[in-house]
Amino acid sequence: MKVRLLLLLSISGSVYAQRMPLPPVVDNAAYPAAVANAPKPSAASTLYEILGRVEQLQVEVQQLRGQVEEQAYTITELKKRQNTIYSDLDQRLQVIESAGVGAQSIPETVPEPEVEPQPAPSVAPVIQQPQAIQTKPEPVKPASIESEKQRYQQAYETLKNGHYSNAISEFKQFLTDYPAGEYSDNAQYWLGEAYKVNREVSLSREAFNKLITNYPNSPKVRDGLLKLGYIELEQNNLAKAREYFTRITANYPGTTAAHLAAKKLQQLNNNQ
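Going letter by letter, the sequence shown gives residues -17 to -1, 1 to 255 in mature numbering (1 follows the signal peptide of the UniProt record, and there is no 0).
Source of the hints: derived by calculation from the structure; they are not laboratory data.
Since the structure is predicted, the reported quantities are computational estimates derived from the model, not experimental observations.
Be careful, since some hints might not be right.
Pairs of lysine-lysine residues, derived as DSS-like cross-links and limited to a Cα-Cα distance of at most 30 Å, are as follows [unchecked claim]:
hint, residue 1, residue 2
1, K223, K179
2, K179, K63
3, K246, K132
4, K132, K143
5, K223, K155
6, K132, K247
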């Protein structure tokens, strides 16, 4: 019996000794490894998120570049229009000058043939002598017109060269000296422009309104109305701006001012 018990104890001890290492065999070490590898998916998703943001920024940069290019094109077009306005004004001055010379030469040549066919009657010379006397003051008019033209061109050149305050003073003095001259409507218009560029909005508005009131038949009226529309648009007075632009398109169809006013009306409608 004792021998059997010893044999059973030895066998059970050997078996127990073989089973003791089994608990460490459980792969618990794999869990820490899995935890260590867990951040990899979140890092990848963060990387994809960053890449997405970079692509979005690239798209926004391209859009901004497009807007900059559009603005650069708009500025170029505005400069072209400004040069066109200046050249048109110069051509208009030349036409006025040539028309003025032609109008002044016609009265000088017409009375002379009327005097020559009637030398016999004694009454005719008596009647024509006062006419000759009356025509003597007329040469003064070309001199005054020439002086007016020089004064106007001087003020215009001052404005063109960017001396806006000086141009304002010169145009104001010009209008004081020649309130109903050949170039008064143009001077009134450029006075409003000089005030506008000089950021004197209320005075610019007043000058353009005087242009419309004092020179209603001037071709510069439509340009003055356009500038008033621009002023009201810049001051965010949209209803008033719309009123001016609509008035231009209705009263001056087919003109450059009407075309520009129509574009502003379209912009206002799109922004509603």
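Here is what the structure says about each hint:
1. In summary, the hint linking K223 to K179 is supported, as the alpha carbons are separated by about 18 Å, within the 30 Å threshold.
2. Taken as a hint, the K179 and K63 pair is honoured in the structure, with Cα atoms around 19 Å apart against an allowance of 30 Å.
3. About 35 Å separates the Cα atoms of K246 and K132, which puts this hinted pair outside 30 Å; it is violated.
4. At roughly 16 Å between alpha-carbon atoms, K132 and K143 fall within 30 Å of each other, so this suggested pair holds.
5. As the CA atoms of K223 and K155 are separated by approximately 27 Å, the hinted pair is consistent with the 30 Å bound.
6. Using a Cα cut-off of 30 Å, the hinted pair K132 and K247 is violated, with the two alpha carbons roughly 35 Å apart.
Checked against the numbered hints given earlier, the structure breaks hints 3 and 6 and satisfies all the rest.
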